[in-house]
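The hints should help you fit chain B onto chain A, whose structure is shown.
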Amino acid sequence: GAVVSQHPSRVICKSGTSVKIECRSLDFQATTMFWYRQFPKQSLMLMATSNEGSKATYEQGVEKDKFLINHASLTLSTLTVTSAHPEDSSFYICSAPGGGMSYEQYFGPGTRLTVT
Amino acid sequence: AQTVTQSQPEMSVQEAETVTLSCTYDTSESNYYLFWYKQPPSRQMILVIRQEAYKQQNATENRFSVNFQKAAKSFSLKISDSQLGDTAMYFCAHYYGSARQLTFGSGTQLTVLP
Numbered sequence: 008g009a010v011v012s013q014h015p016s017r018v019i020c021k022s023g024t025s026v027k028i029e030c031r032s033l034d035f036q037a038t039t040m041f042w043y044r045q046f047p048k049q050s051l052m053l054m055a056t057s058n059e060g061s062k063a064t065y066e067q068g069v070e071k072d073k074f075l076i077n078h079a080s081l082t083l084s085t086l087t088v089t090s091a092h093p094e095d096s097s098f099y100i101c102s103a104p105g106g107g108m109s110y111e112q113y114f115g116p117g118t119r120l121t122v123t
Numbered sequence: 394a395q396t397v398t399q400s401q402p403e404m405s406v407q408e409a410e411t412v413t414l415s416c417t418y419d420t421s422e423s424n425y426y427l428f429w430y431k432q433p434p435s436r437q438m439i440l441v442i443r444q445e446a447y448k449q450q451n452a453t454e455n456r457f458s459v460n461f462q463k464a465a466k467s468f469s470l471k472i473s474d475s476q477l478g479d480t481a482m483y484f485c486a487h488y489y490g491s492a493r494q495l496t497f498g499s500g501t502q503l504t505v506l507p
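These protein sequence lines are chains A and B, in that order.
Taking the working numbering, the leading residue of the first sequence gets 8, the next gets one more, and so forth.
Taking the working numbering, the leading residue of the second sequence gets 394, the next gets one more, and so forth.
Hints in this document: simulated from the structure, not taken from any laboratory.
One thing to keep in mind: the hints can contain errors.
[Stated by the list, open to error] Not the full set, but computed from the structure, chain B residues with beta-carbon under 10 angstroms of chain A:
1) Y430
2) M482
3) F484
4) G500
Yeah, the Cβ is synthetic: ideal placement off N, Cα and C, and Gly gets one too.
So that you can see chain A by itself, here it is in the shape it has in the complex:
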């Protein structure tokens, strides 16, 4: 099946700094990608929809200026957590829909962000 990668898998940063997470579709093109946030033992919460060549669509309650999303190419979307704070510590997952009629989402392995 299709593969989605994320980098880095783990990152520790200091409060007030910014950190970038990359999501890549390795063997298919993705005009749309999704970014989720997951707290321990909880479900995935959709943060935003990343659209290639246009602005991301953010879910209600998600700060656009804090979570910057750029979908620069058909295989790469990035999530930048700006001015990170300890409460931003979480597990971030991206996904991309498969092409055609599959309706399947392919998930990246996730990125664990710890803000100290």
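Same frame as chain A, but now just chain B:
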């Protein structure tokens, strides 16, 4: 808005036994898809099984099968001959085409006991 409800936060089953995880959903769409995803301790999301709403026949994938009751908006997952590797968080999810988004339930943590 689409909602997905999983009423069993935790379940356990003995190895080799059968277990059923429940899921109900609410949607105004007529054509949609339902999925069960598994998230093991590695936290990689893995597709277990999917069901197209327009198909009456219940989907099966080896030891995994679903009981899809469209009128009742119910979509349960049955795992037969449970194995230790089935220990994971299981998420039920609803998908409809126009938004290309998945709506997830809250999850059921399944533990298979030796």
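Comparing the hints with the structure gives:
no.: 1; hint: Y430; in the structure: 8 angstroms, holds
no.: 2; hint: M482; in the structure: 8 angstroms, holds
no.: 3; hint: F484; in the structure: 6 angstroms, holds
no.: 4; hint: G500; in the structure: 5 angstroms, holds
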